[in-house]
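With our numbering applied, the sequence shown covers 288 to 725.
Among these hints, one or two may not hold up.
What the hints assert, rightly or not - Distance ranges between label pairs, derived from CB positions:
hint : residue 1 : residue 2 : range
1    : Phe493    : Glu409    : 31 to 37 Å
2    : Lys658    : Thr619    : 17 to 23 Å
3    : Gly630    : Ala541    : 44 to 50 Å
4    : Val449    : Ala541    : 17 to 23 Å
5    : Asn361    : Asp651    : 35 to 41 Å
6    : Lys658    : Lys440    : 35 to 41 Å
7    : Ser686    : Glu417    : 39 to 45 Å
8    : Lys701    : Asp550    : 42 to 48 Å
9    : Glu409    : Gly631    : 52 to 58 Å
10   : Glu623    : Glu417    : 48 to 54 Å
As the list claims (entries may be wrong) - Straight-line Cα separation of at most 25 Å, PhoX-like style, residue types lysine-lysine; simulated pairs:
hint : residue 1 : residue 2
11   : Lys632    : Lys524
12   : Lys575    : Lys616
13   : Lys416    : Lys533
14   : Lys612    : Lys345
15   : Lys340    : Lys524
16   : Lys441    : Lys416
17   : Lys468    : Lys524
18   : Lys392    : Lys356
Just so you know, the hints here were simulated from the structure itself, not pulled from any lab data. It should be emphasised that the depicted structure is a prediction, and the values quoted were computed from it without experimental measurement. The C-beta atom is built at its ideal place from N, Cα and C for all residues, glycine as well.
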Amino acid sequence: MKIAVALAAVLGATLTSAFAPRAPVASVASRNGVAVRMAKEIFDQEAYIAESKEMRLKHLEEQAMFALKIACENYDNAVFPNALIAGDCVITHLLSRLGYLKDGKCKVMVVDTFHLFPETMEFLDEIEKEYGFKAEVFCAEGVPVGDKVAFDKKYGADLWKVDIDEYDRVCKVEPFQRGLKTLNTDCMINGRTRWQGAERAWIDMFENAPIGGGLAKCNPLCYWTLEDTFDYIAKYKVPAHPLHAKGYPSIGDAKDTIPIPEDGSVRFVNFKFEGDKTEWLDYGNERKGRFVGLANKDGSTKTECGIHVTGAEKTWDRDLWEAGKSAVKKITTTEEALAVKEGGKPAVMVVYAPWCQFSQKMEDEYEAFAKEMEGKIDVYSFRGDDQREFVMENLNTSSFPTVDVITPDGKAIKYDSEVRTVDAFKAFVDETVGEAVA
288 MKIAVALAAV LGATLTSAFA PRAPVASVAS RNGVAVRMAK EIFDQEAYIA ESKEMRLKHL
348 EEQAMFALKI ACENYDNAVF PNALIAGDCV ITHLLSRLGY LKDGKCKVMV VDTFHLFPET
408 MEFLDEIEKE YGFKAEVFCA EGVPVGDKVA FDKKYGADLW KVDIDEYDRV CKVEPFQRGL
468 KTLNTDCMIN GRTRWQGAER AWIDMFENAP IGGGLAKCNP LCYWTLEDTF DYIAKYKVPA
528 HPLHAKGYPS IGDAKDTIPI PEDGSVRFVN FKFEGDKTEW LDYGNERKGR FVGLANKDGS
588 TKTECGIHVT GAEKTWDRDL WEAGKSAVKK ITTTEEALAV KEGGKPAVMV VYAPWCQFSQ
648 KMEDEYEAFA KEMEGKIDVY SFRGDDQREF VMENLNTSSF PTVDVITPDG KAIKYDSEVR
708 TVDAFKAFVD ETVGEAVA
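Take the sequences, apply the hints, and build the full model.
Laid out in structure tokens, this is it:
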């Protein structure tokens, strides 16, 4: 009995004031025949909730800072790809508190898709000044940073409408991968959380990703809810994306991001919520307004852009059908392409992009096809993402890869099937220029 009393005294001493009843138990009531002890005054529930949330947030802060210390102190090139959404604003603030932005132990990287809200890059300028760092900005290959006109000329203003997977790779995945490689990243910090949805429900604070023998991934907020994130922003008055005040819980491309709910009735303004915040804070709702109206090629609803899917950190640092190593003959200029087209004999030409997953998938089959056709018909490859206007005008190309059979009279006949096998290619050659090849 003495031990029990002593233990009760110790435990009681650790309770905060919010737990303490304001008056002694006064009576016993009966509910369904079971005695229930009642009190004249119960503890202050609001104070208890507030104190509990503060305890939770303090723990999450310490946990996240611990993870960031491991990432920045134990790796030579920690890089934070910052999308400027709420969680990323928290990580930016934490990195600043730890001094890693100013001392350069963590570099900040931003991918500009050329389809972001104008407020996004303006907000980047704001936080660069606030925290005293300069982000490394990456965009579509071969296009100057910030030059939308050059992007449209090279890739097409409607690329995302023509082929959303290709758009993702041109505007998001390839620049993301190139950024990691350029910055010699050995540890990537990112703001994914389990609360964001089923695709991320089991991520841990640290993971490995397949790049150059193993890239560490640090997810310092993996155990945070979106409510925790906004609680932190409110607590420290952290600069947050201005579109939160216009009803957007998460911010991506302007073309496919909407407020939640769509009437914009829920907002985060001056570090407080307006409207029914559960519309944002329920499980998986943070990204509910992202990728709206977009679908994957298999018809499923799009929920990821490709950056955070398995293998996205693998860099494509080589060309396809490399000259000198392939049976496929390489064309490197528009003049060479026209010479083949106007050469008076049949040929096969694939117009491709090395970053395109569909071009990559057909590499082996097209190589085998070229070997089988040696001595019968010349098989060529031409990289077309650098020559968009030319390949659209001369080689039937609106997306990659495009396979053409060139006839002796200079016509380019497009192979329309997505069945890209040796037998399928041979059948198309027989159908179009069979007599000339025989």
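We went through each hint and held it up to the structure:
1. Phe493 x Glu409: 31 to 37 Å: holds, 33 Å
2. Lys658 x Thr619: 17 to 23 Å: holds, 21 Å
3. Gly630 x Ala541: 44 to 50 Å: For Ala541 against Gly630, whose Cβ atoms are near 46 Å apart, the range 44 to 50 Å holds.
4. Val449 x Ala541: 17 to 23 Å: holds, 18 Å
5. Asn361 x Asp651: 35 to 41 Å: holds, 39 Å
6. Lys658 x Lys440: 35 to 41 Å: holds, 37 Å
7. Ser686 x Glu417: 39 to 45 Å: holds, 41 Å
8. Lys701 x Asp550: 42 to 48 Å: holds, 46 Å
9. Glu409 x Gly631: 52 to 58 Å: Because 56 Å falls inside the window, the suggested range holds.
10. Glu623 x Glu417: 48 to 54 Å: For Glu417 against Glu623, whose Cβ atoms are near 51 Å apart, the range 48 to 54 Å holds.
11. Lys632 x Lys524: violated, 70 Å
12. Lys575 x Lys616: violated, 47 Å
13. Lys416 x Lys533: holds, 23 Å
14. Lys612 x Lys345: Violated, because 58 Å separates the two Cα atoms, which is more than 25 Å.
15. Lys340 x Lys524: holds, 17 Å
16. Lys441 x Lys416: Since the Cα atoms of Lys441 and Lys416 sit roughly 33 Å apart, the hinted pair is violated (cutoff 25 Å).
17. Lys468 x Lys524: violated, 34 Å
18. Lys392 x Lys356: holds, 10 Å
In this structure, the hints that do not hold are numbers 11, 12, 14, 16, 17, in rising order.
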